[in-house]
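6 protein chains.
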Amino acid sequence: MSFKKVDLSFQSCGSEYQESDVVIYSCPMDSTTSYRPGTRFAGNAIRVDSIGIEWYSPYRNMDLKDYKTSDIGDLDLPIGDVEAALDVIYQTTKQILNDHKKPMMVGGEHLVTYPVFKAVSEKYSDVHMIHIDAHTDLRDEFFGRKLSHATVIRRCFDEVGPGRIFQFGIRSGDKHEFEWAKAGNTHLRKFDLVGLEEVVESLKDKPVYITIDLDVLDPGVFPGTGTPEPGGLQYKELLGAFDLFERLNHIVGADFVELSPYLDPSGASTAVAVKTLREMVLLLHK
Amino acid sequence: MSFKKVDLSFQSCGSEYQESDVVIYSCPMDSTTSYRPGTRFAGNAIRVDSIGIEWYSPYRNMDLKDYKTSDIGDLDLPIGDVEAALDVIYQTTKQILNDHKKPMMVGGEHLVTYPVFKAVSEKYSDVHMIHIDAHTDLRDEFFGRKLSHATVIRRCFDEVGPGRIFQFGIRSGDKHEFEWAKAGNTHLRKFDLVGLEEVVESLKDKPVYITIDLDVLDPGVFPGTGTPEPGGLQYKELLGAFDLFERLNHIVGADFVELSPYLDPSGASTAVAVKTLREMVLLLHK
Amino acid sequence: MSFKKVDLSFQSCGSEYQESDVVIYSCPMDSTTSYRPGTRFAGNAIRVDSIGIEWYSPYRNMDLKDYKTSDIGDLDLPIGDVEAALDVIYQTTKQILNDHKKPMMVGGEHLVTYPVFKAVSEKYSDVHMIHIDAHTDLRDEFFGRKLSHATVIRRCFDEVGPGRIFQFGIRSGDKHEFEWAKAGNTHLRKFDLVGLEEVVESLKDKPVYITIDLDVLDPGVFPGTGTPEPGGLQYKELLGAFDLFERLNHIVGADFVELSPYLDPSGASTAVAVKTLREMVLLLHK
Amino acid sequence: MSFKKVDLSFQSCGSEYQESDVVIYSCPMDSTTSYRPGTRFAGNAIRVDSIGIEWYSPYRNMDLKDYKTSDIGDLDLPIGDVEAALDVIYQTTKQILNDHKKPMMVGGEHLVTYPVFKAVSEKYSDVHMIHIDAHTDLRDEFFGRKLSHATVIRRCFDEVGPGRIFQFGIRSGDKHEFEWAKAGNTHLRKFDLVGLEEVVESLKDKPVYITIDLDVLDPGVFPGTGTPEPGGLQYKELLGAFDLFERLNHIVGADFVELSPYLDPSGASTAVAVKTLREMVLLLHK
Amino acid sequence: MSFKKVDLSFQSCGSEYQESDVVIYSCPMDSTTSYRPGTRFAGNAIRVDSIGIEWYSPYRNMDLKDYKTSDIGDLDLPIGDVEAALDVIYQTTKQILNDHKKPMMVGGEHLVTYPVFKAVSEKYSDVHMIHIDAHTDLRDEFFGRKLSHATVIRRCFDEVGPGRIFQFGIRSGDKHEFEWAKAGNTHLRKFDLVGLEEVVESLKDKPVYITIDLDVLDPGVFPGTGTPEPGGLQYKELLGAFDLFERLNHIVGADFVELSPYLDPSGASTAVAVKTLREMVLLLHK
Amino acid sequence: MSFKKVDLSFQSCGSEYQESDVVIYSCPMDSTTSYRPGTRFAGNAIRVDSIGIEWYSPYRNMDLKDYKTSDIGDLDLPIGDVEAALDVIYQTTKQILNDHKKPMMVGGEHLVTYPVFKAVSEKYSDVHMIHIDAHTDLRDEFFGRKLSHATVIRRCFDEVGPGRIFQFGIRSGDKHEFEWAKAGNTHLRKFDLVGLEEVVESLKDKPVYITIDLDVLDPGVFPGTGTPEPGGLQYKELLGAFDLFERLNHIVGADFVELSPYLDPSGASTAVAVKTLREMVLLLHK
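Protein chains in written order, with full-length UniProt numbering: chain A, 1 to 286; chain B, 1 to 286; chain C, 1 to 286; chain D, 1 to 286; chain E, 1 to 286; chain F, 1 to 286.
Derived by calculation from the structure, the hints in this document are not laboratory data. Don't take every hint at face value.
Which copy is meant is left open, so a pair is good if it fits within one copy or across any two.
Derived DSSO-like pairs: lysine-lysine, alpha-carbon spacing no greater than 27 Å straight-line [as the list claims (entries may be wrong)]: (1) Lys-123 x Lys-4; (2) Lys-146 x Lys-68; (3) Lys-94 x Lys-182; (4) Lys-236 x Lys-123; (5) Lys-175 x Lys-123; (6) Lys-4 x Lys-146; (7) Lys-94 x Lys-236; (8) Lys-182 x Lys-4; (9) Lys-204 x Lys-5; (10) Lys-182 x Lys-65; (11) Lys-102 x Lys-182; (12) Lys-4 x Lys-68; (13) Lys-4 x Lys-206; (14) Lys-182 x Lys-5; (15) Lys-118 x Lys-236; (16) Lys-4 x Lys-204; (17) Lys-146 x Lys-204; (18) Lys-5 x Lys-190; (19) Lys-175 x Lys-94; (20) Lys-286 x Lys-190; (21) Lys-236 x Lys-4; (22) Lys-206 x Lys-5; (23) Lys-286 x Lys-146; (24) Lys-204 x Lys-118; (25) Lys-146 x Lys-236; (26) Lys-4 x Lys-65; (27) Lys-146 x Lys-94; (28) Lys-94 x Lys-206.
All figures in this text were calculated on a predicted structure; none of them were measured in a lab.
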């Protein structure tokens with residue numbers, strides 16, 4: 001019998017913030033979503049369903065129980081105020097980095113990656129980004145706004161400049177985005193992960209930030225997302241990417257985004273996110 | 001055989017704007033929603049499913065086919081920019097009123113009522129509002145914002161002042177909202193429609209605007225909404241209200257809001273909205 | 001910014017156990033369910049969705065924020081071992097009562113009421129039970145077992161004897177159960193709540209335990225339950241019962257059971273449970 | 001242990017045809033459905049889910065186990081050939097009547113009532129029909145066809161002539177249908193069951209056939225149907241009708257139609273049909 | 001602000017019929033479906049959800065905006081009258097071809113391919129068909145009928161004779177169908193697309209009609225279909241087929257069929273159809 | 001017309017027990033399930049949906065109609081009494097084997113495999129098991145119990161000892177389970193089916209029992225299961241395993257488990273189980 005307050009930390013990640021090396025936090029924001037919103041519910045859906053997963057990973061041969069991870073829950077974001085919400089995420093990430101912990105952020109829509117990456121790039125000026133996604137997200141503005149899920153990687157680009165962002169799995173975007181990437185601004189691989197191994201090798205000793213938009217997966221695997229884009233990756237391919245990421249010696253932070261749990265009541269999409277979180281937390285602890 | 005462009009106007013409401021007396025338009029906006037978003041999809045869900053309803057109403061003994069109604073579809077609202085979106089709605093409504101037509105607006109979240117009512121109150125300075133809802137919506141601000149689904153009736157109040165807004169069915173809100181209403185600002189009836197008949201009698205010859213948040217219905221009847229609040233009205237009670245509204249000689253505009261169609265894949269909630277739209281269009285034609 | 005561990009206590013009920021007057025705990029057990037299992041997920045579904053409800057109740061004119069309630073989460077029950085699980089619930093309840101707090105238990109299947117009531121009846125030897133349910137639950141055994149969701153009220157009867165249990169809303173059971181009740185063992189009202197007011201009056205100053213099987217509600221209102229039984233109560237009728245319960249001066253504990261959240265992905269059934277929990281917590285604080 | 005072939009007869013209705021007094025059969029046909037098809041799956045969904053209901057009815061104080069009912073399953077209907085399918089239903093019903101058993105038919109779309117009623121009216125020339133439905137179903141043709149779910153009661157009328165059909169709960173139809181009824185062809189009660197008691201009294205000793213389109217129920221109660229029409233009956237009202245039907249001394253057959261089980265995955269709509277079938281079978285045995 | 005009638009043409013395909021080169025039309029018919037009906041709703045579901053897709057295709061490096069496509073919506077088909085409905089489709093297609101436009105038809109059940117192909121084969125006497133499907137559809141009759149979803153390719157065969165139809169992906173059918181194909185009537189490739197490249201090469205300069213039953217995809221990718229058949233194609237394989245089709249110099253018309261959108265409320269299946277339509281329209285414009 | 005009792009035997013498997021060579025039976029038990037229960041409904045869901053599959057298999061080139069298979073339905077298992085339920089399964093299997101028929105068992109949770117395998121191993125002392133699953137299921141106890149879905153293969157191991165169990169596709173488990181397997185107790189292949197061909201060759205003439213936990217499939221293919229584990233097999237890979245199993249000359253029994261049909265209302269998961277049952281029945285008849 002325990003009479004402590006309910007603890008719904010992500011599976012086995014019940015350390016206090018102070019003692020942790022990796023910090024999980026979720027960003028319940030989906031206000032710039034252009035199609036089907038609902039990613040704001042991802043964080044807690046993942047927490048609740050994480051009871052269904054083992055803490056041991058046969059992929060990493062690591063056990064969540066052997067590491068110190070804290071889960072500080074959904075950040076408290078002002079509804080409908082994009083700038084203010086992004087600032088909360090930015091300040092939180094900055095503090096986590098100052099405290100010498102690694103940020104493991106869970107979206108929310110993809111725009112929430114921007115303040116995390118901004119904080120990371122301020123600490124690690126030579127940071128590189130590996131970006132796995134169905135969408136380019138390279139527009140300079142979208143519906144007249146600079147800050148949108150459709151511009152997020154462009155805003156990250158603004159922080160670090162050309163040659164630092166490596167995009168994989170891309171299969172949707174405006175023609176101009178593909179051309180802008182091709183002009184040398186980002187490394188953009190269409191449709192699959194071919195070339196990821198070489199990129200990982202070249203970034204082996206660099207600080208690397210990883211952002212995964214789970215809609216890179218085929219909608220068959222991951223229907224619970226706002227903009228399903230057929231023709232994507234199998235989950236085994238993503239697991240293959242994680243195997244490669246083991247070779248990176250300096251992952252400085254990571255996130256995944258765009259689970260919209262109510263769109264897939266079977267729970268399969270949330271299970272994908274749960275497993276992804278376990279693997280990414282372990283990668284950050286490596 | 002017809003080789004015209006696809007026409008998905010709401011059931012039998014295929015008149016051109018110029019010749020119409022009532023104009024249907026929908027506002028795909030849900031950005032200030034605090035719980036489950038998705039009302040942006042209401043308009044087109046209603047259009048597509050309207051094929052399942054008769055054009056004759058045995059309640060009104062009127063037939064949609066006998067009246068001129070146009071359906072101009074979803075307004076083109078900038079995603080994530082609340083002020084700009086509200087302005088589009090305001091300008092559109094103003095034009096409709098200038099053209100001597102009646103606005104029949106379909107939300108979207110409840111905040112979209114504000115610009116419609118503002119335009120209406122500018123034309124009819126002595127307009128009164130009948131507001132049927134589960135929620136007070138009387139906060140002065142919400143999460144630090146003046147414009148929110150939770151403040152919408154307070155903003156409408158700002159346009160017309162005390163004694164002009166009549167609220168029914170209310171069963172959720174902050175304590176201060178109930179007290180503020182009671183202080184003489186609005187007529188607020190908790191839980192049901194008792195007293196509506198007297199209100200209708202007293203407003204018989206006044207210009208009246210009607211706004212219905214469909215979540216006033218019990219979630220059993222209408223689960224497809226962002227914030228289901230148990231203990232609400234049966235649909236027959238709403239039909240009873242419509243019977244009363246026949247006595248109003250000067251309805252100057254109307255709306256209903258907060259259908260979130262994806263939350264109820266059975267289609268029953270959308271069917272509620274479809275029938276409500278038929279009845280309200282007929283009331284506006286009366 | 002807060003860097004504390006994630007807190008998913010039921011809406012505004014974040015007190016520590018020691019300082020609380022009412023204790024919420026949930027029992028994730030559904031092993032004797034004969035039709036559709038899944039109630040084990042009720043507790044956390046209610047916690048997560050409680051963000052969608054106000055802390056103020058216009059029914060009670062009370063505010064959750066003004067009272068000290070703790071939420072100790074799902075009890076840790078051994079899967080598949082009915083007796084051992086019931087014992088954990090019993091010991092937990094006993095401790096809560098010893099600590100002079102009131103138990104507010106959330107099921108799980110209805111059998112979990114038994115150990116709670118047993119502990120309560122040991123402390124209050126003259127306790128009476130108000131039981132609102134679609135089903136009699138009066139079998140002496142079910143599929144050869146004494147401990148089952150279908151025998152739970154009979155087991156409670158074994159603790160207190162005839163004349164102490166008042167059943168309302170019953171519309172399903174074996175013929176012999178109705179006859180056994182009628183023989184003077186329990187007060188059994190079929191189909192509705194008629195007579196509840198008189199019962200409440202007669203129990204005004206007695207210790208009373210309240211158990212509500214939410215399947216007493218019509219499946220239209222509450223489809224998210226294992227054994228939907230058409231022809232039940234509207235939620236307003238249950239709210240009416242809560243109004244009556246305000247007259248009880250000595251409610252010593254309470255529970256509700258049988259939400260199976262995955263069966264109703266619209267969230268409406270969970271919303272019913274969320275509101276019920278708010279109202280019952282406030283009744284316990286009265 | 002039993003090594004007999006799987007038996008999925010409706011709850012406790014496992015008699016052989018020869019020894020039975022009432023015969024259950026289902027008609028998997030939905031080809032003239034104009035909106036959402038799927039009623040062809042009703043029969044077997046009801047059989048499988050009937051495990052969730054008691055065989056004792058506290059409404060009738062009767063027990064399915066005390067009566068001889070057979071369930072001969074889905075009739076084998078040629079897909080897409082309306083006339084041929086109706087003929088199979090007609091011949092089957094005729095044989096059941098010849099064998100001095102009572103037909104209890106489960107739809108399918110409402111058109112399947114026609115061949116059943118035709119056979120019944122041939123045996124009982126003075127048969128009357130009680131028809132409970134949301135829709136008039138009185139068109140003379142629909143999309144150019146005489147045989148359609150929308151013409152079914154008109155076709156039944158053709159068999160028996162004016163003054164023999166009593167319609168209740170009607171809330172949807174073409175204007176001309178209401179007028180045609182009013183001209184003395186059928187007794188048509190809009191919206192509810194008011195007057196049913198008088199009708200039952202007047203038909204007490206007449207042969208009566210009962211047909212219930214379950215969409216007479218409010219979509220909140222019964223969302224699993226092709227054409228949900230808000231503003232319908234509560235299930236308790238239908239149970240009230242069944243209480244009245246006990247006074248009929250000569251019910252010669254019955255059916256209910258229009259469950260589309262896949263449209264309501266919660267199972268609540270199927271539970272409504274299961275309970276309705278239990279009550280109607282018991283009424284036929286009375 | 002626009003006050004034009006609502007326009008729900010498929011994404012960016014808003015040209016008037018007269019000025020268009022490719023014409024989209026949908027056939028809301030599912031009356032011969034033997035298992036789960038519902039494909040009649042495909043056309044409008046695709047239109048509404050097409051807002052979620054980019055108009056640029058990185059596969060074709062083409063942009064819908066650069067081409068003239070009209071969308072004339074659901075054809076007006078008489079419900080329940082198979083022959084008459086097929087005739088409407090036939091006449092419409094004939095007219096489109098006479099007007100020197102290319103038909104892009106969206107089902108409906110697979111039988112609707114027959115009248116389109118008949119019209120096409122009358123204009124192009126040497127037309128060949130590429131047929132991608134899970135099912136043979138080669139029965140000569142089905143439940144005693146010549147015109148059925150299960151006979152559709154056999155009926156097309158009747159128009160053009162042996163050696164002109166190339167089937168891929170087939171994994172379900174009657175034994176006799178496989179044998180009949182093997183006897184030299186059609187080219188039938190079981191399970192996958194192996195050999196498609198050679199077939200495309202051989203048909204390079206021939207008039208080719210393409211029909212895709214989307215149930216060729218694995219149900220994991222495309223659960224929203226009436227007869228899910230496990231073990232099918234990934235969407236990438238279908239995209240690979242489209243790449244091959246670029247080599248065909250004379251595609252004269254195309255269709256895809258069998259989306260049943262209500263069966264997959266996640267929207268993933270509809271997203272598959274939306275993307276398929278974009279790619280096929282672009283192929284027709286090539 | 002047939003007036004026989006309803007027959008919902010699995011597709012074309014309507015032989016009487018006495019004359020059959022293969023016996024289908026289902027075990028509606030899910031009491032030790034640790035995450036989402038519901039597999040008890042698998043058997044009848046498969047029966048009802050089997051109408052949607054052909055009786056001919058193009059994979060086996062065999063036809064269900066050419067073989068004698070009986071389907072004795074759900075076994076009658078005491079709810080909530082694990083030991084007693086397992087005994088019913090054990091006794092049933094023993095009798096089937098004594099009657100010189102082959103058992104084809106359908107779960108339920110995986111624990112139901114144990115009594116089947118126990119009976120089989122008593123008849124065939126040198127039996128080997130091929131086990132395809134996402135989970136190790138090798139714990140010696142789970143939540144203090146010896147008999148659990150998580151210990152089932154360990155219990156089977158207790159019957160036959162080391163070197164007799166061959167596990168494939170495993171991607172989840174406790175670290176110690178992987179180590180225990182590796183210590184020579186079972187052959188355990190992680191993640192995929194590599195090496196299955198060699199195993200099949202080596203077991204060619206041995207008695208072999210096959211148990212498939214369908215959650216070995218990727219949740220994209222098979223979301224309808226209690227513990228979805230991303231990164232699994234495609235259905236084509238399982239079909240490939242069946243091709244290999246044709247080489248086994250002495251398959252003595254088989255089962256598959258863990259379909260939870262209500263979790264996937266699209267029916268795609270049930271379709272997977274239906275096809276698997278057809279293929280496995282045919283393999284048993286080979």
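Structure-based check of each hint:
1. For a Cα distance limit of 27 Å, the shortest separation of Lys-123 from Lys-4 across copies, 24 Å, qualifies, whereas the shortest one inside one copy, 37 Å, does not.
2. In this homomeric assembly, Lys-146 and Lys-68 never come within 27 Å of each other (Cα to Cα): the closest approach is 37 Å inside a single copy and 32 Å across copies.
3. In this assembly of identical chains, Lys-94 and Lys-182 lie within 27 Å of each other by CA distance neither inside one copy nor across copies; the values are 32 Å within and 45 Å between.
4. For the identical chains of this complex, Lys-236 and Lys-123 are neighbours neither inside a copy (33 Å) nor across copies (40 Å), given an alpha-carbon limit of 27 Å.
5. For the homomeric pair Lys-175 and Lys-123, neither the shortest alpha-carbon distance inside one copy (34 Å) nor that between copies (37 Å) is at most 27 Å.
6. Taking CA atoms no more than 27 Å apart as the test, Lys-4 paired with Lys-146 passes in neither setting, with 45 Å inside one copy and 30 Å between copies.
7. Taking CA atoms no more than 27 Å apart as the test, Lys-94 paired with Lys-236 passes in neither setting, with 33 Å inside one copy and 41 Å between copies.
8. Proximity of Lys-182 and Lys-4 under a CA criterion of 27 Å is satisfied in neither setting, with 55 Å inside one chain copy and 40 Å between copies.
9. In this assembly of identical chains, Lys-204 and Lys-5 lie within 27 Å of each other by CA distance neither inside one copy nor across copies; the values are 43 Å within and 33 Å between.
10. In this assembly of identical chains, Lys-182 and Lys-65 lie within 27 Å of each other by CA distance solely across copies; the values are 22 Å between and 44 Å within a copy.
11. Taking identical chains as interchangeable, the C-alpha atoms of Lys-102 and Lys-182 are never at most 27 Å apart, the minima being 32 Å within one chain and 35 Å between chains.
12. Taking the shortest alpha-carbon separations for Lys-4 and Lys-68, both the intra-copy value of 20 Å and the inter-copy value of 15 Å come in at or below 27 Å.
13. Neither within a single protomer nor between protomers do Lys-4 and Lys-206 lie at most 27 Å apart by alpha-carbon distance, with minima of 43 Å and 31 Å respectively.
14. Proximity of Lys-182 to Lys-5 under the C-alpha cut-off of 27 Å is found in neither arrangement, the shortest distances being 53 Å within a copy and 38 Å between copies.
15. In this assembly of identical chains, Lys-118 and Lys-236 lie within 27 Å of each other by CA distance neither inside one copy nor across copies; the values are 30 Å within and 35 Å between.
16. In this assembly of identical chains, the alpha carbons of Lys-4 and Lys-204 never lie at most 27 Å apart, being 43 Å within a copy and 34 Å across copies at closest.
17. Proximity of Lys-146 to Lys-204 under the C-alpha cut-off of 27 Å is found in neither arrangement, the shortest distances being 32 Å within a copy and 47 Å between copies.
18. In this assembly of identical chains, the alpha carbons of Lys-5 and Lys-190 never lie at most 27 Å apart, being 47 Å within a copy and 35 Å across copies at closest.
19. For the identical chains of this complex, Lys-175 and Lys-94 are neighbours neither inside a copy (35 Å) nor across copies (36 Å), given an alpha-carbon limit of 27 Å.
20. Proximity of Lys-286 to Lys-190 under the C-alpha cut-off of 27 Å is restricted to the inter-copy arrangement: shortest distance 22 Å between copies versus 29 Å within a copy.
21. When the C-alpha separation of Lys-236 and Lys-4 is checked against a cutoff of 27 Å, the pair qualifies neither within a copy, at 39 Å, nor between copies, at 35 Å.
22. In this assembly of identical chains, Lys-206 and Lys-5 lie within 27 Å of each other by CA distance neither inside one copy nor across copies; the values are 41 Å within and 31 Å between.
23. Proximity of Lys-286 and Lys-146 under a CA criterion of 27 Å is satisfied in neither setting, with 36 Å inside one chain copy and 35 Å between copies.
24. Only within a single protomer do Lys-204 and Lys-118 lie at most 27 Å apart by alpha-carbon distance; the minimum there is 21 Å, versus 52 Å between protomers.
25. In this homomeric assembly, Lys-146 and Lys-236 never come within 27 Å of each other (Cα to Cα): the closest approach is 35 Å inside a single copy and 33 Å across copies.
26. Proximity of Lys-4 to Lys-65 under the C-alpha cut-off of 27 Å is found in both arrangements, the shortest distances being 20 Å within a copy and 20 Å between copies.
27. Within a single copy, Lys-146 and Lys-94 get their C-alpha atoms as close as 22 Å, which meets the 27 Å cut-off; across copies the closest is 30 Å, which misses it.
28. Taking CA atoms no more than 27 Å apart as the test, Lys-94 paired with Lys-206 passes inside one copy only; the shortest distance there is 20 Å, against 58 Å between copies.
Hint check: violations occur at hints 2, 3, 4, 5, 6, 7, 8, 9, 11, 13, 14, 15, 16, 17, 18, 19, 21, 22, 23 and 25; the rest are consistent with the structure.
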